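Participant: Assembly of the complex is requested from the two constituent chains, each provided in isolation within its own frame, with the hints serving as guidance.
Sequences listed follow chains L and S, in order. Residue numbering for the first sequence follows the working numbering, beginning at 427 and increasing consecutively. Residue numbering for the second sequence follows the working numbering, beginning at 440 and increasing consecutively.
It is worth saying that the hints were derived from the structure and are not from the lab. Please read these numbers as outputs of a predicted model, since none were measured by experiment. It is possible that part of the hints are untrue.
If we take Cβ atoms under 8 Å as the criterion, some of the chain L residues that face chain S in the derived model are [stated by the list, open to error]: (1) G436; (2) L437; (3) R441; (4) R445; (5) L448; (6) F449; (7) L506; (8) G507; (9) M510; (10) L514; (11) K516; (12) G519; (13) G523; (14) R524; (15) H529.
Incomplete in silico selection of chain L near chain S, CB under 7 Å [to be verified]: (16) L440; (17) A452; (18) A511; (19) D517.
Ideal Cβ positions, reconstructed from N, Cα and C, are used throughout, including at glycine.
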Amino acid sequence: MVETPTAAEGLAILRTMWRIRLFEEAVEDLYGRGMMHGTMHLSIGEEAVPTGACLALKDGDQITSTHRGHGHCIAKGADLGRSMAELLAKDNGYCRGRGGSMHIADVATGNLGANGIVGGGLPIAAGAGLSNKLRGVDNVCLCFHGDGSVGEGAWHEALTLASMWDLPVVFVCENNQYGMSMPSKKAFKVENISDKAAGFGIPGETVDGNDVLAVREAVQRAVDRARRGEGPSFIEALTYRWRGALEVGQEPLPHQGRDPGLARPRPHRAMGRRDARHRACHP
Amino acid sequence: MLDIELVTHEQLDAEQAAARQDIREAVVFGTKGEDPTVEAMMAGIYAPSPVDAFDIAKGIVA
Numbered sequence: 427m428v429e430t431p432t433a434a435e436g437l438a439i440l441r442t443m444w445r446i447r448l449f450e451e452a453v454e455d456l457y458g459r460g461m462m463h464g465t466m467h468l469s470i471g472e473e474a475v476p477t478g479a480c481l482a483l484k485d486g487d488q489i490t491s492t493h494r495g496h497g498h499c500i501a502k503g504a505d506l507g508r509s510m511a512e513l514l515a516k517d518n519g520y521c522r523g524r525g526g527s528m529h530i531a532d533v534a535t536g537n538l539g540a541n542g543i544v545g546g547g548l549p550i551a552a553g554a555g556l557s558n559k560l561r562g563v564d565n566v567c568l569c570f571h572g573d574g575s576v577g578e579g580a581w582h583e584a585l586t587l588a589s590m591w592d593l594p595v596v597f598v599c600e601n602n603q604y605g606m607s608m609p610s611k612k613a614f615k616v617e618n619i620s621d622k623a624a625g626f627g628i629p630g631e632t633v634d635g636n637d638v639l640a641v642r643e644a645v646q647r648a649v650d651r652a653r654r655g656e657g658p659s660f661i662e663a664l665t666y667r668w669r670g671a672l673e674v675g676q677e678p679l680p681h682q683g684r685d686p687g688l689a690r691p692r693p694h695r696a697m698g699r700r701d702a703r704h705r706a707c708h709p
Numbered sequence: 440m441l442d443i444e445l446v447t448h449e450q451l452d453a454e455q456a457a458a459r460q461d462i463r464e465a466v467v468f469g470t471k472g473e474d475p476t477v478e479a480m481m482a483g484i485y486a487p488s489p490v491d492a493f494d495i496a497k498g499i500v501a
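Same shape as in the complex, but just chain S (with noise of 0.2 Å):
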């Protein structure tokens, strides 16, 4: 683009600038968000089961 004079150096810099900066505000609020509980870890992991076979085997329910 710098070859066929689409774009100039400058435009280039302001460009490289505006990226650099969505990644420093991308840092920071990654950086600042909170750690997930420890619920929200334990959610979902496993599907609910039709059988709860582990209900069963501690003789939960019958």
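Isolated chain L (complex conformation) (with noise of 0.2 Å):
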């Protein structure tokens, strides 16, 4: 049973969904008109994973994130213009224009940054795992990465190490259906890629991806073990990206195209430009 959230809190969730979702209409149209330059990975439609995730989370605690990050960040509490002056390759951004979209770090907030390399942020969070863990802290990190990953070798490794250090690590697999253009389901043969966890002794548990409190509830339990020391956990969020792979992608599936919880019953509240091409691909 997920735990309903006072409507205080509720706000703030649904405050911080709205900033990713903004942000990353504002990216888009920037982007489009050549005032951001470099490639450009959005994750509209997938904002209930960052925002529920880094809900479990306290001040110390790490991230890891994506080359699609940018909802990360915001979760874990970067400031919107030094991110947005990030992308636009600014000296005022984060790392002073020179990361950009897919190398946006923020290392006072514990976002250990994000990653070009698919598969890139694996590696680090067991090395920040086993540096809180040698220095008897109680900070665990979460590993953010897509199922485009899971076949890569640094995954292997990574949730090899995790498992057989006890790592205080939290490895959350933003399942948005597709590798590029691959479906998952023709890339694994497993039902679920939380059953892959299994295979290195790590608990595995699937979630609704789009429910941003059955996203925080799993999340929060497999905090609470990693601070308990009893290892790494692995936590795969369904969800769906609305965009292209690359602002090209394939056209969103009915079925799976649900919203996150941004969008009302009522028409003319709607958030902004696109949502009436949301509404009118997913009713």
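Facilitator: Structure (structure tokens):
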């Protein structure tokens, strides 16, 4: 049974999700106008995963992120202005404009960085977990990664070490159903990616990644377990990205593209100019 | 939250508006920022080397 938040908690959760959604819509706009450069990976539709997961963290905990990491950064507490400046390659950005979208980091809030290499954050998370353990602190590292990274060697290496050394790491797999254009159902024989965790001796769980409270609850259990020194956990959050892998992807599938909770029944309360298109795709 | 009457449409509107304002301010902050200088962009690209092979190759040092 998912615990119901208070009104204040619920509004705070929604505000974070709105900030992620609107930040990315602004980024999409600026990128489309040629004001941002490089490659842009949006996580519109996936806001509930980072928002719910980061609710389970405390100050001092860390995250590692992915190439699709704006939501992780914001949910972990990044300043929106410095984040936007970083994506615009400005000197007042988090990395003085040299990291950009795929390598933004904010160590002060425990964001160890996005990573342009698919699966690149996994060994870093294992390393952060080892550091936490050796230093004797109760911090936990939350490792966001996508379903596309599950076939990478780094995924297996990180889970192996985290398991063998009982590292305080929570692996959060954002399964948005596609690795580039490859459906995850064609990439893995198992029903759930979380089933793979059993092979490493790590407890695995699959949750509805579009249910922010379900994500929070699952990650909280895993974080508590890690803080108790009982080792890593693996959570697969089923979600869906509404944009293509690189802004040129497949059409959303109606049964998978459910809104994570930001759409409302009143049409005139639309969030932005693209809501009409989303509703048409996701009745 | 609407279904269980935890919050009202008006409260959601207010949160949405607040978030939108946050993003507006972020866009202004970002777009008004200075471009990094060339010196700043070039700094830290290469780690210091105990043996500066470039200088050796160019005959700058023995």
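Participant: Now tell me, hint by hint, if it's right for this structure.
Facilitator: We went through each hint and held it up to the structure:
1. G436: Since chain S brings a Cβ to about 5 Å from G436(L), closer than 8 Å, the hint holds.
2. L437: Holds. Min distance 5 Å.
3. R441: holds, 5 Å
4. R445: holds, 5 Å
5. L448: holds, 4 Å
6. F449: holds, 6 Å
7. L506: holds, 4 Å
8. G507: holds, 3 Å
9. M510: Cβ of M510(L) sits 3 Å from chain S, so the hint holds.
10. L514: holds, 5 Å
11. K516: holds, 3 Å
12. G519: With a closest approach of 7 Å, the G519(L) hint holds.
13. G523: holds, 5 Å
14. R524: This hint holds: R524(L) lies near chain S, its Cβ roughly 7 Å from the closest one there, short of 8 Å.
15. H529: violated, 13 Å
16. L440: It holds, given that the least Cβ distance between L440(L) and chain S is near 5 Å, below 7 Å.
17. A452: holds, 5 Å
18. A511: Given a least distance of 4 Å, the restraint on A511(L) holds.
19. D517: holds, 4 Å
Comparing the model with each earlier hint shows a violation of hint 15 alone; every other hint is respected.
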